[in-house]
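Asker: If you follow the hints, you should be able to join the two separate chains into one complex; please do so.
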Amino acid sequence: MKNKRRRSPARLLVAAIVLFLSSAFILLGLKDLKPLTFIMAAGVPMVFYLTTVLIPRLFPADRLMLAVVNFLCAIGILVLYRMNPQQALGQALNYAAGMGAMLFFIYFVRLAQRRKPLVVLLISASAALMVLPLIFGTERNGARAWVTVMGFGFQPSELVKVLMLIIEAYLLSRRKIIAAAAYAGFCLLILMLQKDLGTALIYYGVILVMVWAATRSYLYLGLGFAGAAAGGIVGYSMFSHVKRRVAIWINPWTDYEGSGYQIVQSLIAIVNGGLWGTGLGLGNAYVIPANTTDFVYAIILNEFGMIFGICILAMYILLFLRGISIALRSGSRFNSLLAMGSSVLIALQAFIIIGGNINMIPLTGVTLPFISYGGTSLLSSLSIMGILQGVASLNDREVEEDRELALAQGGYQ
Amino acid sequence: MSSGVFELISQGFRYWFVLLGLIIVWRTLKWALQDHRAYGRMIKALPDAGLIGEIVSLSTGESQPLPREGVIGSSKSCDIRFSGIRSREMEYVFIEGRGVEIIPAHRQHEISLNGEEIGAKAFASHGSRLNLPGYSLRFRLFSGLNVPDITQEAAYQPAEAGWYAPEGDLNDLMNAGMPLPDQLPGLHDYGMPSAEPQQTPVYRRYENPPARPYQYDADSFQQPVYDKAAPGPQTLQPAQQAWNPDMTWQYAVPPPEAFASAAAESQYQPSLPLWEQEYHQEPEQPRKRRSKRHEK
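For the protein sequence lines, the chains are A and B, in the order given. The opening residue of the first sequence carries number 10 in our numbering; numbering runs sequentially from there. The opening residue of the second sequence carries number 949 in our numbering; numbering runs sequentially from there.
Keep in mind that the hints were calculated from the coordinates and are not lab data. Backbone N, C-alpha and C define an ideal beta-carbon position, used for all residues, glycine too. Treat the hints loosely; a few may be bogus.
What the hints assert, rightly or not - Computed footprint of chain A on chain B, listed as stretches where at least three residues anywhere in the stretch have a Cβ under 8 Å from a Cβ of chain A:
#, segment
1, 954 to 960
2, 963 to 973
3, 976 to 985
4, 1009 to 1022
To be verified - Once the Cα atoms are required to be at most 20 Å apart in a straight line, the calculated SDA-like pairs of lysine to any residue come out as:
#, chain 1, residue 1, chain 2, residue 2
5, B, 1024, A, 191
6, A, 185, B, 1055
7, A, 125, B, 1044
8, A, 43, B, 1055
9, A, 43, B, 952
10, B, 978, A, 326
11, A, 125, B, 1071
12, A, 40, B, 1028
13, A, 204, A, 194
14, B, 1024, A, 226
15, B, 1024, A, 186
16, A, 125, B, 1053
17, B, 1024, A, 225
18, B, 1024, B, 1082
19, B, 1069, B, 1043
20, B, 1024, A, 231
21, B, 992, A, 136
22, B, 978, A, 368
23, B, 978, A, 186
24, B, 978, B, 994
25, A, 185, B, 1069
26, A, 185, B, 992
27, B, 992, A, 413
28, B, 992, A, 409
29, A, 204, A, 214
30, A, 185, B, 1082
31, A, 125, A, 191
32, A, 125, A, 143
33, A, 185, B, 1035
34, A, 252, A, 368
This is chain B alone, in the form it adopts within the complex (with noise of 0.2 Å):
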């Protein structure tokens, strides 16, 4: 080819070519854009991306959104952040089938663990509790999540404040039927298993008591402890005798005076036998004319 003609023609394929890099650049842009819109409303279905559970405060009851790795400590560069402590007290980081993997920042420290010291490293799991300097906190990790059974490590502990070892033969007090209260309030909205052990019954004390056949034991009977001092050993009253309303007293029958006039007080009115009834309907109340309009 002679040279005026491929020069002709290499300069007419100039514009051929910036037209091509421009779309090359305009689809990659929008590729690209395209690809950051689509992962954006995959992080708004997937709230929790990221993360892996949260850590409860267990004399606040606050929680902190749990990533995958970071740091605990009160510098504002820290991922978990409570005032008080160091700067950078920990780090953690989540292991596949093996926890949570806590490593102090520093050789010496108070970081506990379920009640224990750590050395270098140690694994944390669901409903295991960690003690900062001043803080006691609980892990609370997604269901799904690949971490080993600590079951055993999780189990409640009688001196945690909010939790409460009772006493006696635990299947008994699980069939009891009791509802469990909520320990952590507003931390069951989101789907993830409550940090205290699945099986325990927990309740307040003598609230409800525990459903087992009575044993009267007059060496170990105590009396419960209410609000006012319970009143003493008495013997039962006659029905005749003025009727003291502080004594609550299951043997303390009140005089029928009491129940008219409490009966009175809350205007309640006995209503006959449905055969002495007499029968009455109201009156069918005419019905309000619509118009065409309301109707459409």
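With the rest of the complex left out, here is chain A (with noise of 0.2 Å):
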């Protein structure tokens, strides 16, 4: 009798991941010929393997969530290794961080609830967090958002972002909507004093999402929606460089040499790209500026081709999906609004970057989580997913608590 061994997703995915990072690292081994490049198609998938498996054996973490991660972030590697390896291996280090402050914030959700102290401690890092850049910071694209310290650059409210998250989850949790929105309403005003409207757009969106998910009201959710109205009015007639992004959203070909130039080489290596793509390492995507940080997905669209690109899209919804459920299973308030905040957080920064990158919405300066170059960045998305990690797990842990009591009581089989 033929033995049937069933086969188990994970392992099918991991494989084909693997499969997929093998043969794409050794076709641009193929075209350099670097040890380098060889080097990468070991390590890089052999890396992606053992954090996969070895992550959820001795931590307590969400193993298809991981895995997702892991494959956007050595698609990451992958894309900047293609545009210039000397980002690629510092992308390489800052995943290492990344996945250390995870860990730390897996075991900070499981340890730190409801803890009142340290909630106020996080709103005085934050708040001094948030203040720094207006001091010290010094201003790139437009932004005064980044802060050197001993020659490494980083974005406060990137880290703030992690925060903020709790901060909101804690405030909300506790039906405190004034103090909520106080607090809001600061790191609003602190990033349009920076001029960073893209990181306070996903502000306002991740904490209008909470607000509602905690409060069920369609009143401040409409008072919301009101007030983005009523500040992106604000924000046009007051910024010039709003009015810019507005004027090149519209029509990018007014200015095809000067502020539409981005825009229109990303329309363009989109379009060049086709369904299939021009294939790896023979794309001409490298003309676009900030081709590694805001534009790292008309990268793949042109080298990959749309058909892949959707995959990626697809695999950023099946994230905050999965974290969206993550939510719905908790059983407490804040780790429930906390995994929500941190799967629209993920989802928003996503659609705002790419709409961006396809024109479908004005362009902000905010990357690709997981994808993009940025320590910062990295560090702080890999630690919103370590936030989710957390809840994720205690979720496992309150499923088998009531396992116990089932069991305790004989009603369960």
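Answerer: Encoded structure:
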């Protein structure tokens, strides 16, 4: 009798990703025949396999989410290696640091449940971090959002994202709507002063969704949308670069050599890639400015094609749905809001930058989570994933406790 | 490698990458769906998942499931709703080893736990009585939860409706072997422990009097209360005197005619002793023939 061994989707998924990464790096190695490329062809899939398979055995982590996140990070390293190998190596180091941050936040969420003094400390820390660029910050791409310490530049608003999620989840779980709104208003005000409108948009959207999830009040939702519309009008009338970006969004070809150059080149690269792409190593998306940060999705569409680009988009959607599922499974308001905010933040950030790349919405300078080059961005994205993983592990623990309770009462078989 | 050959290989690999991308998405989706179904099956097998017990209204007997944490109030966004109280009256959180932490939502409140007004917070456990404005509620927590033993707090309250405070030694009452009445009918089907203290006998007034040694004390003896007015003290009635059927006093012996008439009314037929009965055997009924088809 033939012994049928059931194939697990996890094993096949990991095998498919390892195959994809190996073949992609080998293909790049065939182009330049550098030993480093072949080392990457062996190393990146191996690291992917080890982190996806070993971490859930050693730490309380959701395997599916970890596999998706590792895949997106590996895609980021692959694309960065194609564009700039030095950045790829830097991103690999950022990934290692990000994994450490993720593990830290898994335990942070598990241990720091509804601790009021901790939240007070986080509010103070986040306020200090937010104000830092206004005093010591340097301006990049029109936004004064960067701080350089001992030669290392970082974006405090990216780190505050993580703290903001925890603080808002705590305040909203305690139904302190006014305090939550005051904290959100403070953060948005500082971001407006820094002219970091993309990050402000993400903050606003996430807080709005969290408030609605906490109160289920359509009044607050309506007020939020009205506030967003009013903020948009005020921003449009106050900031010249907002006007310029809206004008580019409406018709990028009016100034295709100036302010519309990025978008125009991005659209050309996407169209050039077509359905199947130009082929890895054959694309011409390197002419797009900021191609490894803001326009990394345009490179993927250029070299891998639209179908693969839709696959990447689908991975973000699945990650978002997984996060929502974790939020709905949670029995605690704090954890539920934390998971909801985390998944909405990642999804909203991905939507804003992908929409900007394909000129669906006005372009704002945010990174594509897990894929774009950037230490602070990857660190904060993986930290947010750590929060989600922590909530998922708490859900598992609660289900296990429920099962033990049912066994104690003899009601579960 | 020449650029022409690489271009050819790379363009061929485009389809390979798209295929792998589709497989990755499909497998991720399948894995997520499998996990979702497995979780659904688990939850179906655990109908009380996410709950720590229930909260029972002592006035109506209605119960509401108690999640691990939530808000009690009249608003529709509250986890546990009671009409007539504030939109958000209080919050509660179950904390391992300490019980259900109760946090009033307002500084001025009328919330009390086990008869005592609570300050900023208080901890309830299985059997604790919570008083909200207009409501008297009792926590019923699942057995197996890590909560402190508060037997003293959960002791019966004589003033509470449906609870009777017996006088005398409780040990005597417990050894009386009386059945415990169902104080909250319908709540025992969920495999949860009873809210009332397990070692305390509860019975309806005078329906099951406690078995205690009879000690007649003329001074403290009181007549039981019946629906009808209890008969006053009377002397022993002679048996030949006309029997009053309303008279239920134990010493009132009914006349023999009363037995006969009662037997006639009840169609009672006294049977002969066994040795005087004729042997009677009912004729055996012919067995019905069953067809083979029927047997099939």
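Asker: Indicate, hint by hint, whether the structure satisfies it.
Answerer: Here's how the hints hold up against the structure:
Counting residues of the segment 954 to 960 of chain B whose CB falls under 8 Å from any CB of chain A gives 5; the rule of at least 3 is met. Coverage of a stretch by a chain is defined here by at least three residues with a beta carbon nearer than 8 Å to that chain's beta carbons; for the segment 963 to 973 of chain B and chain A the count is 10, and the condition holds. For the segment 976 to 985 of chain B, the stated coverage by chain A holds: 8 residues have a C-beta nearer than 8 Å to a C-beta of that chain, and at least 3 were required. As drawn, the segment 1009 to 1022 of chain B meets chain A at 5 residues by the rule of a beta-carbon pair under 8 Å; at three or more, the given contact holds.
For the suggested pair residue 1024 of chain B and residue 191 of chain A, the alpha carbons sit about 25 Å apart, so the restraint of at most 20 Å is broken. As the CA atoms of residue 185 of chain A and residue 1055 of chain B are separated by approximately 14 Å, the hinted pair is consistent with the 20 Å bound. At most 20 Å may separate the alpha-carbon atoms for a hinted pair to count; residue 125 of chain A and residue 1044 of chain B meet this at roughly 18 Å. A hinted pair counts as satisfied when its Cα atoms are at most 20 Å apart, and residue 43 of chain A with residue 1055 of chain B does not qualify at roughly 71 Å.
Restraint check for residue 43 of chain A and residue 952 of chain B: the C-alpha separation of about 18 Å stays at or below 20 Å, so the hint holds. As the CA atoms of residue 978 of chain B and residue 326 of chain A are separated by approximately 14 Å, the hinted pair is consistent with the 20 Å bound. With a C-alpha separation of about 18 Å, the suggested pair residue 125 of chain A and residue 1071 of chain B falls inside the 20 Å cut-off, and the hint holds. Simply put, residue 40 of chain A and residue 1028 of chain B have alpha-carbon atoms about 65 Å apart, too far for the 20 Å limit, and the pair is violated.
For the proposed pair residue 204 of chain A and residue 194 of chain A, the alpha carbon gap of about 15 Å is at most 20 Å, so the pair holds. At most 20 Å may separate the alpha-carbon atoms for a hinted pair to count; residue 1024 of chain B and residue 226 of chain A meet this at roughly 10 Å. Straight-line distance between C-alpha atoms of residue 1024 of chain B and residue 186 of chain A comes to about 17 Å, which keeps the hinted pair within the 20 Å bound. Restraint check for residue 125 of chain A and residue 1053 of chain B: the C-alpha separation of about 16 Å stays at or below 20 Å, so the hint holds.
Restraint check for residue 1024 of chain B and residue 225 of chain A: the C-alpha separation of about 9 Å stays at or below 20 Å, so the hint holds. Restraint check: the Cα-Cα separation between residue 1024 of chain B and residue 1082 of chain B comes to about 19 Å, which is no more than 20 Å; the hinted pair holds. Distance restraint check for residue 1069 of chain B and residue 1043 of chain B: the Cα-Cα separation of roughly 13 Å lies within the 20 Å cut-off, and the hinted pair is therefore satisfied. Restraint check for residue 1024 of chain B and residue 231 of chain A: the C-alpha separation of about 19 Å stays at or below 20 Å, so the hint holds.
For the hint linking residue 992 of chain B to residue 136 of chain A, the alpha-carbon distance of about 45 Å lies beyond 20 Å, and the restraint is violated. Between residue 978 of chain B and residue 368 of chain A the CA atoms are separated by roughly 32 Å; this puts the pair beyond 20 Å, and the hint is violated. Restraint check: the Cα-Cα separation between residue 978 of chain B and residue 186 of chain A comes to about 39 Å, which exceeds 20 Å; the hinted pair is violated. A hinted pair counts as satisfied when its Cα atoms are at most 20 Å apart, and residue 978 of chain B with residue 994 of chain B does not qualify at roughly 24 Å.
Among the hinted pairs, residue 185 of chain A with residue 1069 of chain B is consistent with the structure: their alpha-carbon atoms are about 17 Å apart, no more than 20 Å. Among the hinted pairs, residue 185 of chain A with residue 992 of chain B is inconsistent with the structure: their alpha-carbon atoms are about 35 Å apart, more than 20 Å. For the suggested pair residue 992 of chain B and residue 413 of chain A, the alpha carbons sit about 15 Å apart, so the restraint of at most 20 Å is met. Distance restraint check for residue 992 of chain B and residue 409 of chain A: the Cα-Cα separation of roughly 14 Å lies within the 20 Å cut-off, and the hinted pair is therefore satisfied.
Our distance criterion of 20 Å between C-alpha atoms is met by residue 204 of chain A and residue 214 of chain A, whose separation comes to about 17 Å. Between the alpha carbons of residue 185 of chain A and residue 1082 of chain B the distance comes to roughly 26 Å, so the proposed pair goes past 20 Å and is violated. Only pairs whose Cα atoms come within 20 Å are accepted, and residue 125 of chain A paired with residue 191 of chain A is accepted, the gap being roughly 17 Å. Taken as a hint, the residue 125 of chain A and residue 143 of chain A pair is broken in the structure, with Cα atoms around 28 Å apart against an allowance of 20 Å.
Between residue 185 of chain A and residue 1035 of chain B the CA atoms are separated by roughly 14 Å; this keeps the pair inside 20 Å, and the hint holds. A hinted pair counts as satisfied when its Cα atoms are at most 20 Å apart, and residue 252 of chain A with residue 368 of chain A qualifies at roughly 15 Å.
In the structure shown, a violation is registered for the earlier hints numbered 5, 8, 12, 21, 22, 23, 24, 26, 30, 32, in ascending order.
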